[in-house]
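Participant: Residue-level listing of the chains:
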Amino acid sequence: MYNVEAIRAEFPILQQTVHGRPLVYLDNAATTQKPRSVIQAIVNHYENNNSNVHRGNHTLSQRATDAFEATRGKLQRHLNAAFEHEIIYTTGTTGAINLVAHGFRSLLGPGDEVLVSQLEHHSNLVPWQMLAQHSGATLRYIPILPDGSLDLDEAQRLINPKTKLLAFNHISNALGTVNPVKQLTDWAHAVGACVLVDGAQGMAHRRVDVQALGVDFYTASAHKMYAPTGIGLLYGKTEWLEKLPPYQGGGEMIATVTMGLSTYAPLPFKFEAGTPNIEAVVGWGAAMDWVSALGMDALLAHESELMAYGTEQLTAIEGLVLFGTTADKAAVLSFGFANVHPYDLGTLLDQQGVAVRSGQHCAQPIMDYYRITGTVRASFAAYSNHDDVDRLIAAINRAMRMLN
Amino acid sequence: MDRYEHIIAQGKELPAAQEAIKTDDNLIRGCQSKVWMTAEKREGLVYFTADSDAIITRGLVALLLRVCNGLPPEVLAQANFGFLADIGLTEHLSPTRANGLQSMMKQIRLYGLAFQAQN
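For the record, the sequence lines run as chains A and B.
Residue 1 is where the first sequence starts when you use my numbering, and the numbers rise one by one after that.
Residue 1 is where the second sequence starts when you use my numbering, and the numbers rise one by one after that.
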C-alpha cells in the first residue's frame, strides 16, 4: 500500500508554510525535494568520511571511495547498463550533453546531419547548435504535433544516411510528453546514426533499461530524483565512450603524465577530470536506496493516478487550456488561459503557498510553436497528493477571479 | 493577496501605451514579463510612458511611474526606490529577473542621468 502521508513525513522541507499557508510544492520537474535519508547521508559523509576519492590509501579515503563507487553500481543496476564503467558522473544532464557534443566535434564535418526535436529544452539544443557551428554539420529538427507529440512520420523522413546523431528527450520537461525512445532509436540505428536520449525527466518518471532501449547515450540529473544538485550522469555504450575524446583535462582522468604527452585513464575516469562532487554522489546513493525501497512501480503508479486526477480537475476549469495532450504523459501538467500572462498566474499561486513554474521552461521553441509567452506548469513527485491538486485548483480559481 | 488586489487594480488603471512604443529598442527584458518604457523631458522634468504584457507587472509599473513621473533628472539619477519595501513589496526589489522590475529601476536612473547630461 502506497502511503503518501508517510512519504511526505520524510521530507522536512514540506512541513513549512509559505505566505501563511502549508506549502504545496508542485515544481518537481525543476527539482525534487530531498528525503531525510539523503540529507543524513550528506551530513554523515562530512561528519565521518570526508576525504578525497581514488587517491589516499588511508581509511577515510577508502570509505569515501567505497561510497562514491557504490553509487555508480546502484545507477548501473537501475539503468541496466552492461558495465559500471559505462556510468560517467557529470555535473548533470547539461554537463553530460555538452560532453558528448564536444566529443563529436572531431567526428563530424560538412555534409553530416545532427537531428534534434522541437520538443527539447535548451540543454539539448544549444550544445548541438554549437556542435554544428564548430563542425560544419547541419542541424535539423523533428517538428511537433498539436498534442505535443513528435511528428513521427516526419522523423522517419528526416532520418537518412547523412544523419550521424539523433538527440531527443525521453520526457518533455515543458509538456510531459513521453517519447517513443525504442522506435526512434531503431530508425536511427538503421542508418548508422548515434542516439543520445536526454533523460533529465525520464529517469525519475519511467523505468529505464538502456540495453532494452538500445540507446547509445542516456543522460540524467540526480536532483530531479530526490538527490542533491550538481551531479548527474552520462550513460554511454563502451564502444562510444572509447571513441569519444576526453572532454576536460586534469587530475583523475590520466594514466601517465609527462612534459610531452599524457595518456588517459580507462573508463569511466577518462571523463571525470578533477575532484568530483563527492558528497552529492554519496547523497545520490542514498536517494537511489530510497527510491528502491519505495519501489519504482509503486511510485509510477502513484504518479499516474495523480496525473489522471489532476488532468480531470484542471480541465474542468472554464477557459483552461492544457498544453500536451498525448495519451502517454508523465508527471507534468502544463496549462494557461487566453489573455492571462503565466507570470501573473504563477505569482498569485505563490501568494497562496502553491509553488509552480511559470514561463517558457527553458524550451522557447515549444512556446513559439503554440504562439504563447509561456505556460504554468504543475509537476508531481512521489510525495505529491490529492490535497496538492485540490489546493492548486482552488488557488487557480481565486487567482482567475482577481485577474478577470 | 490584498496587496496584489491593489497592484492588479493599479495595473488595470494604467493607460495602455501606444503600440508604437512597444519596440525592441524600448523593451526592458525580464525573464517572464516584458516591460516597454520611454521617457521625455518637458520643462526640465522627466515623464515616462511604460507598459507590460503582465498585469501584475503593469501594476508595479504604475506604482513606479506615479512616484517618478514629473521629477527632475538629477533626482531620478539617484532614486533608490526604497518605498517598494515600505509598502511590503520587498520581494520585487530582490535581483530576480522574474518581472524585469530591477532592470526598469535601473533604466529610470539611466534616463535621469541621460537627461541630466543634456542640461
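Don't read these hints as lab results, they were simulated from the structure.
Every residue, glycine too, gets a C-beta built ideally from N, C-alpha and C.
Check before you lean on any hint, since a few could be wrong.
[To be verified] Incomplete in silico selection of chain B near chain A, CB under 10 Å:
hint : residue
1    : M1
2    : Y4
3    : E5
4    : I8
5    : L14
6    : A16
7    : E19
8    : R29
9    : Q32
10   : K34
11   : T38
12   : S52
13   : A54
14   : I55
15   : T57
Participant: Now look at each hint and say whether the structure bears it out.
Facilitator: Outcome of the hint check:
For the restraint placing B:M1 at the interface with chain A, the shortest Cβ-Cβ distance is roughly 6 Å, inside the 10 Å limit, so the hint holds. For B:Y4, the suggested interface contact is upheld, since its CB lies about 6 Å from the closest CB of chain A, less than 10 Å. The closest approach between the C-beta of B:E5 and any C-beta of chain A is roughly 6 Å, which is under the 10 Å cut-off, so the hint is satisfied. A hinted interface residue such as B:I8 counts as satisfied when its beta carbon comes closer than 10 Å to some beta carbon of chain A; here the least separation is about 6 Å, so the hint holds.
A least Cβ separation of about 14 Å between B:L14 and chain A goes past the 10 Å threshold, and the interface hint is therefore violated. Contact between B:A16 and chain A, as hinted, is not supported at the beta carbon level, the nearest pair being about 14 Å apart and thus beyond 10 Å. For B:E19, the interface hint is violated, the least distance from its beta-carbon to any beta-carbon of chain A being 17 Å, above 10 Å. Proximity of B:R29 to chain A is violated relative to the hint, the smallest CB-CB distance being about 13 Å (cut-off 10 Å).
Checking B:Q32 against chain A by beta carbon gives a least distance of about 4 Å; that is within 10 Å, so the hint holds. Annotation: B:K34 was flagged as interfacial toward chain A, and the flag holds, the nearest CB pair being 8 Å apart, inside 10 Å. For B:T38, the suggested interface contact is broken, since its CB lies about 21 Å from the closest CB of chain A, more than 10 Å. Given the 10 Å rule on beta carbons, the hint for B:S52 holds: about 8 Å separates it from the nearest Cβ of chain A.
Among the interface hints, the one on B:A54 holds; its C-beta lies about 4 Å from the nearest C-beta in chain A, closer than the 10 Å criterion. A least Cβ separation of about 5 Å between B:I55 and chain A falls short of the 10 Å threshold, and the interface hint therefore holds. Against a cut-off of 10 Å between C-beta atoms, the interface hint on B:T57 holds, since the closest Cβ of chain A lies about 7 Å away.
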